[in-house]
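4 protein chains.
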Amino acid sequence: MADQNNDHLVQSDDPDHPANLIPRLCKQFYTLGWVTGTGGGTSIRKDEHVFIAPSGVQKELMQPENIFVLDFPTPKYPPSARKYIRKPLNLKPSACTPLFLATFERGAGCCIHTHSQWAVLVTLLTEKMHGKDACFEISTIEQIKGVPKGPGKGMHDFFDTLRIPIIENTAFEEDLTEHLEKAIEQYPDTYAVLVRRHGIYVWGDTPAKAKTLCESLDYLFQLAVEMHKLGLAWT
Amino acid sequence: MADQNNDHLVQSDDPDHPANLIPRLCKQFYTLGWVTGTGGGTSIRKDEHVFIAPSGVQKELMQPENIFVLDFPTPKYPPSARKYIRKPLNLKPSACTPLFLATFERGAGCCIHTHSQWAVLVTLLTEKMHGKDACFEISTIEQIKGVPKGPGKGMHDFFDTLRIPIIENTAFEEDLTEHLEKAIEQYPDTYAVLVRRHGIYVWGDTPAKAKTLCESLDYLFQLAVEMHKLGLAWT
Amino acid sequence: MADQNNDHLVQSDDPDHPANLIPRLCKQFYTLGWVTGTGGGTSIRKDEHVFIAPSGVQKELMQPENIFVLDFPTPKYPPSARKYIRKPLNLKPSACTPLFLATFERGAGCCIHTHSQWAVLVTLLTEKMHGKDACFEISTIEQIKGVPKGPGKGMHDFFDTLRIPIIENTAFEEDLTEHLEKAIEQYPDTYAVLVRRHGIYVWGDTPAKAKTLCESLDYLFQLAVEMHKLGLAWT
Amino acid sequence: MADQNNDHLVQSDDPDHPANLIPRLCKQFYTLGWVTGTGGGTSIRKDEHVFIAPSGVQKELMQPENIFVLDFPTPKYPPSARKYIRKPLNLKPSACTPLFLATFERGAGCCIHTHSQWAVLVTLLTEKMHGKDACFEISTIEQIKGVPKGPGKGMHDFFDTLRIPIIENTAFEEDLTEHLEKAIEQYPDTYAVLVRRHGIYVWGDTPAKAKTLCESLDYLFQLAVEMHKLGLAWT
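These protein sequence lines are chains P, L, W and R, in that order.
When you line the first sequence up against the UniProt record's numbering, it's residues 1 to 235, in that order.
When you line the second sequence up against the UniProt record's numbering, it's residues 1 to 235, in that order.
When you line the third sequence up against the UniProt record's numbering, it's residues 1 to 235, in that order.
When you line the fourth sequence up against the UniProt record's numbering, it's residues 1 to 235, in that order.
None of these hints come from the bench; they were simulated from the model.
Be a bit skeptical, because a hint or two may be false.
[Unchecked claim] 27 Å max Cα-Cα, derived DSSO-like pairs, lysine-lysine:
1) P:Lys209 <-> R:Lys27
2) R:Lys92 <-> P:Lys229
3) L:Lys128 <-> P:Lys87
4) P:Lys149 <-> R:Lys229
5) R:Lys229 <-> W:Lys128
It should be emphasised that the depicted structure is a prediction, and the values quoted were computed from it without experimental measurement.
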């Protein structure tokens, strides 16, 4: 019997293989409250393959065999060349897929999408204070040093102001792609885009960089909400 | 020796058998703070049997042998046909049983009852803002898409307004049944009913659907409480 | 070699033996944030022995061999008959011991002391709102039904008002004993006494009853603090 | 093959050996939210060696082989005598190293650095209420008794006022050393120094003392923030 569905692509003894790492990360993100109720998603690019968590699966129970694999020859390759080379039976691909691919085209190796309540709340507070076109801004908090300044530019300094663009949410997740690409054009150094009333997309060169950046940003969002409650300014 | 108490009904090697799944879910709900101090409950219908967590057992320590089994020939069958076919020694059946059965009569496969503090707080805030007859309302938050619009109607859209009815609490849990049934008549599309100063009942076709819906709603309640603290409107 | 230190008293294969149960409960209480920084304590009476967690040990790392054992012939026996029959080397007995014994004299089988922040905050809010002599009061919250009305009196009804006495803190923990005994005299039905700026003592006939009561009360304290932040009255 | 990198220094079967204990503590601190996004750090001095968690490693995944070892003949020995005798390949030493060493020179056996949000928030609230030169002050809270009064002076009494100095943050972590040393000179009894907009350094004679002190202080900072929200004074 041939491995017609390319199951070998998600079978590995290496705990850091994307098919093993995505379930482990999803379980951890569930504990952090980022992917409640099957919300959010995670994707990793490795060589010419993209591995994606499916839609609608309880994140803390995800298994390697639930993972979709997409052929992704090289960044900037015509999108028509991308096709699923492994689809788990009875599962639907994530609606976040086009957004993940948009970050991989820009060189990312991993992209994480969460519904973190702190992320949602800072999008609402920013709108309330500065209007729809404002980005989230915070400065002189040590944890900013966990956020890169831009590709090849090192990390933020303590005295820098961190800016994360905010895009408006759309009825369908895939329609966010255009907004996300526009935000990246406007903020070419950003590794994250907030989505109003929805959550955040965070990416990085490696899974470790994307995941630790996601943690640092969530720390800053939670701190910002608490600071707002206590009458303390963000910048 | 005959299995006079039908113990075989709660003995299975399948981790997703209701007698194994209910303890696993209860343990998880304990960690989420939903079933503190033996509060709350969980029930699963499988074929013609209903499995119910007992009253008064520490949820994080529940075992398959603690589970009650009720004969439940088919929905809409005369209630008199329902009787316990397995009762654990020294345990009392859950006072939530009539409420669970009311949802099973309407086709549910799993019903979850929590004492979530976020659920209690939104019932109090809704009363304070809009009076006793108001339901909980929230709109344009992405997580709403994790809540079904009604049987066979798909999920809520981002721009929909989610409405969850609120019923008044009663001195005895079983007396809630009538209120719950009335709320379902009034909101025939709902899969959840809030109980003022008490908690919430959430159900679904399957345990996974009931559990992930319960998570999405709890996320929305927590967000709503935080939004209220920050002066942000729910709709 | 004789077992001169009565080590056999804390060696048992029964996971529910006090010498095994106290470490398990302490680990769970640590996770709940009740016994941070070696604060708080737990004691269980079994037959004529009282088992007590030591002072100064990290609660999540406690081991059966760390447990003190006190001879406690029967309640109401002259206190002079009580003496340690097992003392772990290099450990100090808990300063809570006289308070635990005071509850055992009144028939308790288990007493738990936590430094829960919610408990501390309700003692401060009660003082601010109603003065030093007021007790904590809350009513018409379902979780009240998890609190017994008094020995042999069943649980609180939903429409009852729950009252927990509050005593003033003292410089030395053992000096609290007199205040605790006075509070029990004044509130003979109570199974718990709050200590201002300090925490709470909770007891019950069995470890399970004391632990689930402690959970229900902590739930109510947390809810009360959140209600206060949201401008919602407790009664 | 000689053990040219002194790997034997981080290989031990003793679970409490610094090379095993540091990863275990870091994992626990991650769960407590103290070292999110690779922030914070931990160091233990044992005899004439100092063991230090590296920079940039996910704290919950740290392994003994990730640990740096520094020669530290005796406190007060000329700093020039200190050199790394084990460096993990591909890892950078922690920027906190000079601060850890400053506490070891004063006799500490373990130093912990966290980015706790509660610590950050009390530095901001103290500045807002009392200006840049004020220290954090709190009194008459039982948990204060978990904080030592100074070397050889026992623990704080309930009626004492606890004071923790606050230093201003600097662009580079190593530049904090001078501020930390000055704060210790000014508050010779302190075992902790808060860093504005950054976090806290906490130390003790042993890892257990430093860790439980860190817990007690974090408890007090969290309580202080909640008290401030509720309009309750700290002293």
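Results of checking the hints against the structure:
1. Distance restraint check for lysine 209 of chain P and lysine 27 of chain R: the Cα-Cα separation of roughly 18 Å lies within the 27 Å cut-off, and the hinted pair is therefore satisfied.
2. Distance restraint check for lysine 92 of chain R and lysine 229 of chain P: the Cα-Cα separation of roughly 38 Å exceeds the 27 Å cut-off, and the hinted pair is therefore not satisfied.
3. For the suggested pair lysine 128 of chain L and lysine 87 of chain P, the alpha carbons sit about 50 Å apart, so the restraint of at most 27 Å is broken.
4. Annotation: proposed proximity of lysine 149 of chain P to lysine 229 of chain R is violated, straight-line Cα distance about 34 Å (limit 27 Å).
5. Between lysine 229 of chain R and lysine 128 of chain W the alpha-carbon distance is near 14 Å, which keeps this suggested pair within the 27 Å criterion.
Of the hints listed earlier, those the structure fails to meet are numbers 2, 3 and 4, in rising order.
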